[in-house]
Every structure is written in structure tokens, then in C-alpha cells.
Amino acid sequence: MAKKTSEQKAAEERRYIAACGAANAQELEPFLTDPNQAIRATAAMNPDADAEILDRFADDRFWGVRMEVVRHAKVGEATLRRLLESRPAKRGLVHHAARAKLEERGIAFGADGMPLEMPG
Numbered sequence: 001m002a003k004k005t006s007e008q009k010a011a012e013e014r015r016y017i018a019a020c021g022a023a024n025a026q027e028l029e030p031f032l033t034d035p036n037q038a039i040r041a042t043a044a045m046n047p048d049a050d051a052e053i054l055d056r057f058a059d060d061r062f063w064g065v066r067m068e069v070v071r072h073a074k075v076g077e078a079t080l081r082r083l084l085e086s087r088p089a090k091r092g093l094v095h096h097a098a099r100a101k102l103e104e105r106g107i108a109f110g111a112d113g114m115p116l117e118m119p120g
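Heads up: the sequence shown at position 86 corresponds to 86 in UniProt numbering, and the numbers run straight through without jumps.
Among the clues, some could well be false.
[Stated by the list, open to error] Here are the simulated SDA-like cross-link-like pairs (lysine to any residue), alpha carbons at most 25 Å apart as the crow flies:
hint: 1; residue 1: K101; residue 2: K3
hint: 2; residue 1: K74; residue 2: A89
hint: 3; residue 1: K4; residue 2: A23
hint: 4; residue 1: K101; residue 2: D50
hint: 5; residue 1: K3; residue 2: T33
Derived by calculation from the structure, the hints in this document are not laboratory data.
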């Protein structure tokens, strides 16, 4: 991979600062597709992110961004459930962190490692 130019480094620094300083979901939206994984993770950590934008960050292909979604105080239950893997062989850090957060919220899990459905 080619070395980054000083202009590229400066542009990344500006985007990183903007991701930290974004005040709402609209300002965070451009970071959903940022080419830099660390900047996307930083945007997902932003305390002003709401449950809806976090759900969109949960679609990121990199586990580091998804982990920041799980760790966020405003992440919704539906997003956490969506991050669970039904196949045990595919379960990794994101699955286990999402499960732990759901359990903290009072969701019970079955022997299969998936949430028990509450009787309606």
C-alpha cells in the first residue's frame, strides 16, 4: 500500500475531528461510508449518536465498528439482537458482547446461546 501523503493525513485528521464533534445523526451519516475504519468506529462512539444511526453502523463489515455500536449506551435492543450469530461457529467478540449487554438488560438466553422469546 502506498504511503499516505500529507494532504491525505490532514484530510483524515479533519474527518476524525468531525466524527468526534458531530452533534446529531445527520452529522454522523457521512461517516457510515468513510474509507477509514478507525474514523467509522470513532463516529459510532460519538455520545450524540442515536439508536437509529447506531443500527446503521451495525452493518459495518469490520468487527471493531460493530463493537463500538455494542458498547454505546444508546444502542437499541433490536440492534443488539441483530448482532447475534445463530450459528455457534460464527460467534465471536461481537456476539458475546451483544449477549452480555442484552443479559444486563434482563434478556434471558437459552441453551442454544440465543435469546429466549418472551411469551406474548
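Status of each hint after checking the structure:
Taken as a hint, the K101 and K3 pair is broken in the structure, with Cα atoms around 39 Å apart against an allowance of 25 Å. Using a Cα cut-off of 25 Å, the hinted pair K74 and A89 is violated, with the two alpha carbons roughly 29 Å apart. Restraint check for K4 and A23: the C-alpha separation of about 29 Å exceeds 25 Å, so the hint is violated. For the hint pairing K101 with D50, the CA-to-CA distance comes to about 17 Å; that is within 25 Å, so the pair holds.
For the suggested pair K3 and T33, the alpha carbons sit about 22 Å apart, so the restraint of at most 25 Å is met.
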